[in-house]
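Model the full structure from these sequences, guided by the hints.
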Amino acid sequence: KAGVTQTPRYLIKTRGQQVTLSCSPISGHRSVSWYQQTPGQGLQFLFEYFSETQRNKGNFPGRFSGRQFSNSRSEMNVSTLELGDSALYLCASSLTSGDSYNEQFFGPGTRLTVL
Amino acid sequence: DQQVKQNSPSLSVQEGRISILNCDYTNSMFDYFLWYKKYPAEGPTFLISISSIKDKNEDGRFTVFLNKSAKHLSLHIVPSQPGDSAVYFCAARARDSNYQLIWGAGTKLIIKP
Numbered sequence: 001k002a003g004v005t006q007t008p009r010y011l012i013k014t015r016g017q018q019v020t021l022s023c024s025p026i027s028g029h030r031s032v033s034w035y036q037q038t039p040g041q042g043l044q045f046l047f048e049y050f051s052e053t054q055r056n057k058g059n060f061p062g063r064f065s066g067r068q069f070s071n072s073r074s075e076m077n078v079s080t081l082e083l084g085d086s087a088l089y090l091c092a093s094s095l096t097s098g099d100s101y102n103e104q105f106f107g108p109g110t111r112l113t114v115l
Numbered sequence: 001d002q003q004v005k006q007n008s009p010s011l012s013v014q015e016g017r018i019s020i021l022n023c024d025y026t027n028s029m030f031d032y033f034l035w036y037k038k039y040p041a042e043g044p045t046f047l048i049s050i051s052s053i054k055d056k057n058e059d060g061r062f063t064v065f066l067n068k069s070a071k072h073l074s075l076h077i078v079p080s081q082p083g084d085s086a087v088y089f090c091a092a093r094a095r096d097s098n099y100q101l102i103w104g105a106g107t108k109l110i111i112k113p
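Taken in order, these protein sequences are the chains called A and B.
Using this note's numbering, read the first sequence as starting at 1 and increasing by one per residue.
Using this note's numbering, read the second sequence as starting at 1 and increasing by one per residue.
The hints are simulated quantities; they were obtained by calculation from the structure and are not laboratory data.
Misleading hints may appear alongside valid ones.
Derived coverage of chain A by chain B (criterion: at least 3 residues anywhere in the stretch with Cβ under 8 angstroms from a Cβ of chain B; other residues may be distant) [stated by the list, open to error]:
#1 42–49
#2 52–58
Okay, the calculated beta carbon distance ranges per label pair [stated by the list, open to error]:
#3 A:SER86 to B:GLU15: 31 to 41 angstroms
#4 B:HIS72 to A:ASN77: 37 to 47 angstroms
#5 A:THR113 to B:LYS56: 21 to 31 angstroms
#6 A:THR7 to B:GLN2: 40 to 50 angstroms
#7 B:GLY16 to A:LYS57: 40 to 50 angstroms
#8 B:SER51 to A:GLN41: 23 to 33 angstroms
#9 A:ARG67 to B:PHE46: 20 to 30 angstroms
#10 B:LYS56 to A:GLN41: 22 to 32 angstroms
#11 B:GLY16 to A:THR53: 46 to 56 angstroms
#12 B:PRO40 to A:LEU115: 14 to 24 angstroms
Far from chain B, by Cβ distances over 10 angstroms, these chain A residues were calculated [to be verified]:
#13 ARG15
#14 THR80
#15 SER86
#16 LEU90
#17 GLN104
Predicted model, so just to flag it, every value in this text is computed and none were measured.
We put the CB at the ideal spot given by N, CA and C, even for glycine.
This is the structure we're talking about:
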C-alpha cells in the first residue's frame with residue numbers, strides 16, 4: 001500500500017509570491033490534515049479536510065488556504081509569501097475524522113524556503 | 001499559549017539504558033495522548049498512544065505513563081537502541097477543539113554507543 005505522498009519535496013520562492021503544495025493520501029483515507037513545522041515550534045495545525053469539506057482550522061492567517069478533491073487528494077495554497085512562511089509543511093492522512101480516533105500517517109513533507 | 005509542552009529540546013542516553021521523554025499539558029479536555037517519532041527528511045510516524053482513562057500502556061520496549069493529576073505523561077524506552085535516535089513528539093487530542101491534535105515542540109533523543 002503506497003504511503004502519503006507530497007509534491008514537491010523542496011521549493012524556493014521569493015517574498016510576495018504564492019505557492020501550491022499537493023498531498024495524496026493513502027488509498028481509502030478520507031481525512032487529510034496539514035501542519036507547519038518550524039524549529040522549536042513543533043507541528044502547528046493548519047487545517048483538516050474530510051470528504052472535500054474543511055472540518056477544522058488552526059490559527060493561521062487567511063493567506064493559508066486549502067481544498068480537497070473528490071479523490072481525497074488535497075492541496076494547500078499560501079499567497080503573498082513572507083519570510084516567516086519558510087518551514088516544513090507536512091500532510092497527514094487518516095481513515096476518518098473526529099471522535100473515532102484513527103492514526104495519522106504522515107508524508108515526508110515539503111520544505112519551503114522563502115527568500 | 002502552549003497547551004502541550006516538551007521542556008527538553010534534547011536528551012542524550014547511553015545505549016542499553018532507559019530513555020525517559022517527558023510531556024506536560026494544561027488542557028483537562030484532552031482525552032487521548034500520542035507519541036510520534038521523526039527521522040530527518042521523513043514525516044513523523046506513530047509510536048504509541050494512551051487514552052485518558054488509563055495510566056499506562058506498553059508496547060514492546062515502549063511504555064507510556066499518564067499522570068492526570070499532574071497533567072504529565074512520559075515515554076519510557078527500555079533498552080535504548082541506536083535506531084531510537086530521532087525527534088519524539090508528544091501530541092494530545094482536544095475534545096473541546098473538534099478533536100484536533102495539539103503537538104509539543106519535540107525532544108531530540110540521541111543514543112550514544
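Between the beta carbons of THR7 of chain A and GLN2 of chain B, is the distance compatible with 40 to 50 angstroms?
Violated: the Cβ-Cβ distance is about 31 angstroms, outside 40 to 50 angstroms.
At the C-beta level, are SER51 of chain B and GLN41 of chain A separated by a distance inside 23 to 33 angstroms?
For SER51 of chain B and GLN41 of chain A the Cβ distance comes to about 27 angstroms; the hint holds.
Given the range 20 to 30 angstroms, decide if the beta-carbon distance of ARG67 of chain A to PHE46 of chain B lies inside it.
Taking Cβ atoms as reference, ARG67 of chain A and PHE46 of chain B lie about 26 angstroms apart, which means the hint holds.
If you check the beta carbons of SER86 of chain A and GLU15 of chain B, does the distance land in 31 to 41 angstroms?
Holds: the Cβ-Cβ distance is about 35 angstroms, inside 31 to 41 angstroms.
Is 40 to 50 angstroms a correct range for the gap between the Cβ atoms of GLY16 of chain B and LYS57 of chain A?
Holds: the Cβ-Cβ distance is about 45 angstroms, inside 40 to 50 angstroms.
Find the nearest Cβ of chain B to the Cβ of THR80 of chain A and say whether that gap is larger than 10 angstroms.
holds (26 angstroms)
Hey, is GLN104 of chain A genuinely clear of chain B, shortest beta carbon separation above 10 angstroms?
violated (7 angstroms)
Range agreement (Cβ of LYS56 of chain B with Cβ of THR113 of chain A, hint 21 to 31 angstroms):
The hint (21 to 31 angstroms, Cβ to Cβ) is violated, given that THR113 of chain A and LYS56 of chain B are roughly 43 angstroms apart.
Does the hinted range 37 to 47 angstroms hold for HIS72 of chain B and ASN77 of chain A at CB?
At 39 angstroms between Cβs, range holds.
With a C-beta cutoff of 8 angstroms, work out whether three or more residues of the stretch 52–58 of chain A approach chain B closely enough for the coverage to hold.
holds (count 3)
Just want to verify: ARG15 of chain A was marked as not at the interface with chain B; is every Cβ pair farther apart than 10 angstroms?
holds (26 angstroms)
For PRO40 of chain B and LEU115 of chain A, compare the CB-CB distance with the range 14 to 24 angstroms and indicate the outcome.
holds (23 angstroms)
When held up to the earlier numbered hints, the structure conflicts with 5, 6, 16, 17 and fits the remainder.
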